[in-house]
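Chains as they are written, first to last, in my numbering: chain A, 1 to 274; chain B, 1 to 274; chain C, 1 to 274; chain D, 1 to 274; chain E, 1 to 274; chain F, 1 to 274.
These are calculated hints, taken from the structure and not from any lab test. Take these hints with a grain of salt, some might be off.
Remember, identical chains collapse to one label, so a pair may be satisfied in a single copy or spanning two.
What the hints assert, rightly or not - Derived pair list, reagent style DSS-like, types lysine-lysine, alpha-carbon separation capped at 27 Å:
1) Lys41 <-> Lys65
2) Lys228 <-> Lys30
3) Lys167 <-> Lys8
4) Lys30 <-> Lys162
5) Lys8 <-> Lys65
6) Lys30 <-> Lys65
7) Lys167 <-> Lys41
8) Lys84 <-> Lys68
Number of protein chains: 6
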Amino acid sequence: MNPLLIRKQLEAFLNEDLCWGDLTTDALLKDETAEAVILAKEEGLMAGGPFVAELFNLLGPTEVKLLKKEGESFKSGDELVYLKGSAANLLKTERTALNLLQRLCGVATAARRLVKALEGTGVKLLDTRKTTPGLRLFEKYAARVGGALNHRFCLSDAVLIKDNHKKLVGGVRQAVKLVRERVSPVYKVEVEVESLDELVEALEAGADAVMLDNFSPEEVKEALKLVKGKVLVEVSGSVTPENARLYALKGVDFISSGYPTRRAQALDLSLEVL
Amino acid sequence: MNPLLIRKQLEAFLNEDLCWGDLTTDALLKDETAEAVILAKEEGLMAGGPFVAELFNLLGPTEVKLLKKEGESFKSGDELVYLKGSAANLLKTERTALNLLQRLCGVATAARRLVKALEGTGVKLLDTRKTTPGLRLFEKYAARVGGALNHRFCLSDAVLIKDNHKKLVGGVRQAVKLVRERVSPVYKVEVEVESLDELVEALEAGADAVMLDNFSPEEVKEALKLVKGKVLVEVSGSVTPENARLYALKGVDFISSGYPTRRAQALDLSLEVL
Amino acid sequence: MNPLLIRKQLEAFLNEDLCWGDLTTDALLKDETAEAVILAKEEGLMAGGPFVAELFNLLGPTEVKLLKKEGESFKSGDELVYLKGSAANLLKTERTALNLLQRLCGVATAARRLVKALEGTGVKLLDTRKTTPGLRLFEKYAARVGGALNHRFCLSDAVLIKDNHKKLVGGVRQAVKLVRERVSPVYKVEVEVESLDELVEALEAGADAVMLDNFSPEEVKEALKLVKGKVLVEVSGSVTPENARLYALKGVDFISSGYPTRRAQALDLSLEVL
Amino acid sequence: MNPLLIRKQLEAFLNEDLCWGDLTTDALLKDETAEAVILAKEEGLMAGGPFVAELFNLLGPTEVKLLKKEGESFKSGDELVYLKGSAANLLKTERTALNLLQRLCGVATAARRLVKALEGTGVKLLDTRKTTPGLRLFEKYAARVGGALNHRFCLSDAVLIKDNHKKLVGGVRQAVKLVRERVSPVYKVEVEVESLDELVEALEAGADAVMLDNFSPEEVKEALKLVKGKVLVEVSGSVTPENARLYALKGVDFISSGYPTRRAQALDLSLEVL
Amino acid sequence: MNPLLIRKQLEAFLNEDLCWGDLTTDALLKDETAEAVILAKEEGLMAGGPFVAELFNLLGPTEVKLLKKEGESFKSGDELVYLKGSAANLLKTERTALNLLQRLCGVATAARRLVKALEGTGVKLLDTRKTTPGLRLFEKYAARVGGALNHRFCLSDAVLIKDNHKKLVGGVRQAVKLVRERVSPVYKVEVEVESLDELVEALEAGADAVMLDNFSPEEVKEALKLVKGKVLVEVSGSVTPENARLYALKGVDFISSGYPTRRAQALDLSLEVL
Amino acid sequence: MNPLLIRKQLEAFLNEDLCWGDLTTDALLKDETAEAVILAKEEGLMAGGPFVAELFNLLGPTEVKLLKKEGESFKSGDELVYLKGSAANLLKTERTALNLLQRLCGVATAARRLVKALEGTGVKLLDTRKTTPGLRLFEKYAARVGGALNHRFCLSDAVLIKDNHKKLVGGVRQAVKLVRERVSPVYKVEVEVESLDELVEALEAGADAVMLDNFSPEEVKEALKLVKGKVLVEVSGSVTPENARLYALKGVDFISSGYPTRRAQALDLSLEVL
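Based on the provided sequences and hints, a complete structural model is requested.
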């Protein structure tokens, strides 16, 4: 990750909450130092510790010990982070740090749930672009911590011919042809298909990968027979921890799902001064 | 809301997804125009339409009709927004707009659930600062749409003496005294209390409002007897639609809850080119 | 204060003067070190020393000793700041630092003059939003150094129903009612009144504080009889060190005045290389 | 002036006051339109009207009529600007616009006072870099409106060898020599001199202009005899409207003074909804 | 391309030259309108017209007619752009517009030269990341206009295992293995190879594409025999219009070259007021 | 140079290439350290070393030894910079650093070529504003390293009456008159002249400097007879290393040329991990 971008965003997050100062803390505290811990009040997966460490050092130097490793499980009552430094700075940064950490732990926890459901199948989990606006780098990081691979980060770094493209261009064949002409061969061409007919068309047009969108497990089986291992196969659409295993058939390369970012809940965390 | 700030954030959201261009769309489309709708795929409450309208006009003029009013309910299958303009721009803005709208509808839907639970009790719902980093203005807007009032936006606009402050300063009395000396009387002084003893101390120290933190309904009743209507009473801590009514006692002025932002889920929406 | 915001503004101030470089100094100096002092050429009150220290460290490390404490008086000829570091950097930062310091000392000096006039009356001085564009955080800081409390920082952090609001909404009563419905109870509601009739209306409508705008001392007395200590009373309008005492009647809680920022003059300071 | 820079600063000024919204106005007003005027409550010189017009159009289109031309005098009670548009936007922009206008009118008024003192002498007034941090472009504009010419805008656009340079480099001669070698001949070389001896040295070293710093009128006369019209002569130091004429001797090309920016006071203006 | 990013960069380019204003033009011109043309003073290929049109509209509305299409050839004396609008704005934007256009035409001209050398061979030209800092989007655009396809835009959008990677990781095989595990299959894996041995290793390791770096034409022939059409083949290293054809062997998919951006010269253009 | 501006631009350059991360390097490397050198693959002049050192420290601390001094010649095969630090950071910064260094060395090399051609004539080389958009500070720095003096940096820091100004205003005389009235005498007035007649007019109008634009050497001789040393003489237009000496006549003060920036080629450099 690019630390220059991360830094800029962390500063923006802190400014959003601290604004021009902390009315309460500035009235109450001067140079006191304090120790504190971030506590989990429900179970989950640790993700975002390094960002928290950086946040607590924006206003001044703070000692930060990450008590859980990225990707490590914790249960309610566990201490996640130990902090020591200016008491005022701890309180000014508290809410921003908790808000970020609770979200990222939530995303990682949800991702891990899906990854576990796929365990042993050899099928990998991919995340999506269904992220919270402004948080993509962070949420994709949390998805990785949870065990997912990152699908494309934005519209600039991969070709994915989607339903609306096909409608507007006049079909899969025409779309693949145009992309091949105009886009560097350095990029794979993936096509979202919604039926077996479209799949055949995509295979004939020379797609590098196909995304089977909203196929039932039975339809996925049919599709795999057509594909015969010649292109990468991604299954997508409403996959959850409950039904993931049904889609994780031999021949499927990866399953992509918005579940980790869309269904994640911010975990319950708190900061306690010792 | 300040449109200059909103504009800057919407541009950042779009840049996050569009980056330097849309590899796929730029290869496929030129000057085509298209019509599209944003469809709900689950039920919820509309929130964020005006931001969506502004987003779809960042890359060029687009006709946007909001088919649901802010705060209006929708069910699965409903059309929320009608769009007409450059096909390329519709596709380039699609994901960013959906990501924002699905989150804000999710927050408003959750807030409304709590507000409904309080209906008829006269107790108002307040939101919290437990928002997604970078999205506070938007999520507080969505909470309003859902029926909540906004508690403070940041650390600069209200005094709230919290647990950690009391620990560091040596108690409620000392904290209120210091704040009264150093902060303009234009701001109310609210104190978070964790026991009836602390409540008494806060009342004696001259707090303008008290936040009963993690009190049981019975403890709230005891507290109200001590308060006797002399200060504002806020009940806080783990309030959900299921238990809210238990806390909404006569004499409680408002209930604050992180539920709308922390437990919100991004609703399932899609954009379909017609 | 939020050091991230302060830093950004100090950099902008220095960039304004340094632009792409110092034609003269870059031609004349290389790695020379030098000592220098900032001298007062007229009397006043010290305010802004920490910002000066930060400014002189933007281009490289400089040793800065603040020879006067914030809020300490100085007379013509006094040394305010001692500096030691790169001679080139001292000269490149000189004008920006002096421009900021001379303004902030000017504001603090003017504020102190008003505070002195109120000494012993128990009435506190509040500043206003009549600040120089772009310098609000700094000028409000200087007003504090001079002994004032800060009234609201911006339009977002307090409710003040002013003359133009009343005109547009149809009177005090209606305005207070609307605000009570739509704004969180966390904020006090203050009403600017221009007559005893309006004062009565504001009291009946349930304002938390009233601002008596352009009342004569006699009118203030009448007003206080009506208020009877039930709400906070702020006196405002053309208050100067000369007439402040006339308004500082028992029962008045605070006097607000634009005098410290509007009538402040930039004090005469200079930087001398030793 | 560069409208891109101006725009960016005006937005920053408005954001400083509006922050995330106007608590009071947003609670009270919706789509009302209103007319208003900006009134002078003391006499002065108009400066900054175009910036005010731009400010009132940042939040939405507003009709703005400048009732006084730039540089035109006004007296107490005069209407300076007429406004018509969204009532909410007028109130949200009011304080920022007044704060800017009152400062710029103040600077122009002070500049004009000095220019009048020099009337008929043929000596021109120059401003200085003693401006309010962040406002240089605006204050230099106001000084021009008041009748001054602008001395250099920053350290990058002209060579001025000052006292501290001479001390560090070892005298006028050495300083001029170094600058001539290293700086493009496109820039004039001006030397600040503090005695007749230094003046002689500067003339011999080949300065293009000399600044007589803190010379008495008699010393200026002596200096002019030495200069004999061969270089430009600038008189500087504590020049005020009261004593300016004493320095405006035949042979002096221009007088520079920090008076317009350092001694300016923000004029008393108000915005009244009609 | 993302117009929001383009706009921000064009504004930065104009600010770099216009700074706080145009001393000369602001002294000479007021509201005059003028017509002007941009003339070529040497032959080349048109590229960048739309950016020029946008630049000339930053300070105010200007009529711009692009007299040559993107990718069209011109010769010395040809008129490239017709302009009509504020004379002052034309002069203030002139240098920035010419500087951008002369560079982009230069890049497109150089790219076209290479593309022509490859004509009829079926081998496509790819550009590189050897662009001028800050101008990548623009120079890659110009390369496209000249007939190249764009290789990756930055380090985030494609996998390319280069020489230094191999050294640090311990060889091609290990590098491909690690990338396959950690990077989404959505990205192709390209390996830069410097010998036939490395090529074999890359093929066995399962690379999707190979870049033959600094191979002689004979070595390329040997390489193609090993590849047998199984992966994409990119030839790279010191390819110029003079020698390109030697490398454009049957089986080579594309040739990448820094020539268009590194050897481009800014064409000689001028703006003449009519 | 202003290090705050330089830093901001270097960060932008790195962000342009690194975007949100380095797909390849992040998959391959963790905490390895490495040594590397930047090698010249063609001869030239060193320029930009300090920027390279700063670039390699943006992502983390790196030891950087500049093996060639600014302005020192190097030949193919020479090591220019030694680096030691995080292997990942070296690879992530590599391309940005090379792109900047290759361009600046190219500019300095071209400038030096012209300076050499003028050696012994006493005529100085001036650069122009014909720089790459966004790189002016850097390219003017490189021109200085190559031995040129910098002509004006932008439109704000010097007066140059050009051909288009004269056309629009009605001739040299009128233009000089207007500028003298409206611009501070701190700036020299230079006039571009295109004939001997215009030269006479410029001299009579009181220009401080004249730019002889596109004069032949013979015409320059005639011009010098008219000037008689009374104003500075700049020769401009299509001056190259080949013909420069023809223009470097006694009496010419300086020659300005876009050659160093317009005809510069990015030198061939590479970074090799040891």
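These are the hints, each one checked on the structure:
1. In this assembly of identical chains, the alpha carbons of Lys41 and Lys65 lie at most 27 Å apart only when taken from the same copy (19 Å versus 44 Å across copies).
2. Taking the shortest alpha-carbon separations for Lys228 and Lys30, neither the intra-copy value of 69 Å nor the inter-copy value of 35 Å comes in at or below 27 Å.
3. Taking the shortest Cα distances, Lys167 and Lys8 never come within 27 Å of each other, neither inside one copy (39 Å) nor across copies (33 Å).
4. With identical chains, the CA atoms of Lys30 and Lys162 are at most 27 Å apart between copies only, with a shortest distance of 17 Å across copies and 57 Å within one.
5. Taking CA atoms no more than 27 Å apart as the test, Lys8 paired with Lys65 passes inside one copy only; the shortest distance there is 23 Å, against 29 Å between copies.
6. Within a single copy, Lys30 and Lys65 get their C-alpha atoms as close as 24 Å, and across copies as close as 21 Å, so both meet the 27 Å cut-off.
7. Taking identical chains as interchangeable, the C-alpha atoms of Lys167 and Lys41 lie at most 27 Å apart only when they sit on different chains, with a minimum of 21 Å there against 48 Å within one chain.
8. Proximity of Lys84 to Lys68 under the C-alpha cut-off of 27 Å is restricted to the intra-copy arrangement: shortest distance 17 Å within a copy versus 32 Å between copies.
Of the numbered hints listed earlier, those contradicted by the structure are 2 and 3.
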